[in-house]
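**Student:** Guided by the hints, dock chain B onto chain A, whose structure is given.
Number of protein chains: 2
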Amino acid sequence: MEQPHAPVAAEAGAGAAAAGDGYTIRPLELSDLSKGFCELLAQLSPSPPLSEEAFRARFAELAALGADHLVLVAEEAATDRLTAAGAVLVERKFIRRCGLVGHLEDVVVDAAARGRGLGERLVRRLVEHARGRGCYKVILNCTAELKGFYAKCGFEEKNVQMGLYF
Amino acid sequence: MEQPHAPVAAEAGAGAAAAGDGYTIRPLELSDLSKGFCELLAQLSPSPPLSEEAFRARFAELAALGADHLVLVAEEAATDRLTAAGAVLVERKFIRRCGLVGHLEDVVVDAAARGRGLGERLVRRLVEHARGRGCYKVILNCTAELKGFYAKCGFEEKNVQMGLYF
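If you read the sequences in order, they're chains A and B. So the first sequence is numbered by full-length UniProt numbering: it starts at 1 and just counts up by one. So the second sequence is numbered by full-length UniProt numbering: it starts at 1 and just counts up by one.
Misleading hints may appear alongside valid ones.
No copy labels: a pair is met if it fits in one copy or bridges any two.
Below, computed lysine-lysine pairings styled on DSS-like, alpha-carbon distance capped at 30 angstroms [claimed, not checked]:
hint, residue 1, residue 2
1, 152, 35
2, 152, 137
3, 137, 158
These are computed hints drawn from the structure, not numbers from a lab.
Bound conformation, chain A alone (with noise of 0.2 angstroms):
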């Protein structure tokens, strides 16, 4: 999927941050619904168009978990449309004295902008919000071809990811 052209290095914080090259990775905001959002998600998993309802009932869900739980976007300035996302979750265990793990969740880039390096820096921003909340690690699951990209951000490959689909 990715194929980056040159390293780039973290961009920490969970601010908008100017990617230099037409790109603004940011938070998702409630007006990112019509730029795309769904659309972006569609490439990645089964994502229908939500109601304007259903998107806003669940960004406040998910705006309630606080530092917690962090989607972010890449804003493409030329179209103001969306060509990345991401998200980190933030698990609390018991186990580590009571530590916390990111999970990194529905990291998408839009065909038509891949190789340009946006993938492994959001992938950097969800990793480095989940350093800064306190995470002793962050897990994702993928596919085997998507190891290499992974690698390049960082990723060690640990364990088999088993599912049970209701």
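**Tutor:** Frame of chain A, contents of chain B only:
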């Protein structure tokens, strides 16, 4: 790890359920700190003993998540000690019409209590909680050695888990 002797029917619901063989599977309680909870978790991952204060604080944080988080434990009637534990965290997504995903976490069975089907019963209870909460799937990460155990619980191998440790 687990070598259940025979298939055990799933037990629905999150309330206490007599296991019929001297074990009760029920939600974690505040009194469980003195019933070997940390010692049990230490068989899974480094888990130094928690102070009463730290345990209560994390317990309250998780309780505030309501049905989006559940820790189940198995208690042995003869000893009042915990012999198994596991958790499920419900993640709220935007994909799949604001779908919900259950993350199965920190499943452990006391070394002396393995081979009695306790682990499978506990996992099936956690899965049923996620199903009742409306999740479209439950996922977990495990070592290759545990794939057979989770296959018996109804899981299939899906992807690769990667991790980044701070």
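**Student:** Indicate, hint by hint, whether the structure satisfies it.
**Tutor:** Hints, one by one, checked against the model:
1. 152 <-> 35: within (29 angstroms within a copy, 44 angstroms between copies)
2. 152 <-> 137: both (16 angstroms within a copy, 29 angstroms between copies)
3. 137 <-> 158: Both ways: residue 137 and residue 158 sit 12 angstroms apart in one copy and 22 angstroms across, limit 30 angstroms.
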